[in-house]
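Peer 1: Sequence:
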Amino acid sequence: MNNYDIVFLALDGFEKKETIEIFRIDLTETMLYLKAIDRTLTSEIRQEDIVYGGIIIRNSEVGASALRVEPFILRKVCLNGLILQYSLKKTHLERQTLEIGEIDWSEETRELEDKALWSKIRDIIRATFDKQIFRSWVINLRENTKIEIKNQWRHLTT
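Quick note, in my numbering, the sequence shown goes up one by one and the last residue is 167.
Mixed in with the good hints, there may be bad ones.
Simulated crosslink set (EDC-like; lysine to aspartate or glutamate; CA at most 16 angstroms straight-line) [what the hints assert, rightly or not]:
(1) LYS25 to GLU116
(2) LYS85 to GLU116
(3) LYS44 to GLU79
(4) LYS44 to ASP58
(5) LYS124 to GLU27
(6) LYS85 to ASP132
(7) LYS44 to GLU57
(8) LYS155 to ASP58
(9) LYS85 to ASP58
(10) LYS129 to ASP14
(11) LYS26 to ASP139
(12) LYS129 to ASP21
(13) LYS129 to GLU53
(14) LYS44 to GLU30
(15) LYS25 to ASP132
(16) LYS140 to GLU53
(17) LYS155 to GLU24
(18) LYS26 to GLU120
(19) LYS140 to GLU57
If you are wondering where the hints come from, they were derived from the structure by calculation, not from laboratory data. None of these values were measured; they are calculated from a predicted model.
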């Protein structure tokens, strides 16, 4: 997966929403790391605990990491963010020598798989910045903040 293509696909998706901003982007010889947020996609988990919707995209063209596209919640008090469970991970597999019984996928099949992957990335970007989906994630986080852990110190020291 080419970093250039991934960045332009993401920017195209961000442009459709217009309120999405690049929060951080790093490009090294081995890694692409892009973090974008939408400050209009905001809510309060608890009093004065403000969160924003965002997405993290990582990739390595040289095999240092798999492609990851991960929605996340950025807390105003903690800039690391909370990565949500709704993500896409794709490990890069270069064409290798086939073992007996393995299928040598046709060029057409590989192109269709690439098309499907690009479509999934677009879908995750769209869903990440959808107000109703963001609202459902916030409701889930609010519910989880009500869970009380009993005897927490006993479990930590045993």
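Peer 1: Could you run down the list of hints and mark each one as holding or not?
Peer 2: Going through the hints against the structure:
no.	hint	result
1	LYS25 to GLU116	violated (32 angstroms)
2	LYS85 to GLU116	violated (46 angstroms)
3	LYS44 to GLU79	holds (9 angstroms)
4	LYS44 to ASP58	violated (20 angstroms)
5	LYS124 to GLU27	violated (25 angstroms)
6	LYS85 to ASP132	violated (26 angstroms)
7	LYS44 to GLU57	violated (23 angstroms)
8	LYS155 to ASP58	holds (14 angstroms)
9	LYS85 to ASP58	holds (7 angstroms)
10	LYS129 to ASP14	holds (14 angstroms)
11	LYS26 to ASP139	holds (9 angstroms)
12	LYS129 to ASP21	holds (14 angstroms)
13	LYS129 to GLU53	violated (29 angstroms)
14	LYS44 to GLU30	holds (9 angstroms)
15	LYS25 to ASP132	holds (13 angstroms)
16	LYS140 to GLU53	holds (14 angstroms)
17	LYS155 to GLU24	violated (37 angstroms)
18	LYS26 to GLU120	violated (28 angstroms)
19	LYS140 to GLU57	violated (20 angstroms)
Of the hints listed earlier, those the structure fails to meet are numbers 1, 2, 4, 5, 6, 7, 13, 17, 18, 19, in rising order.
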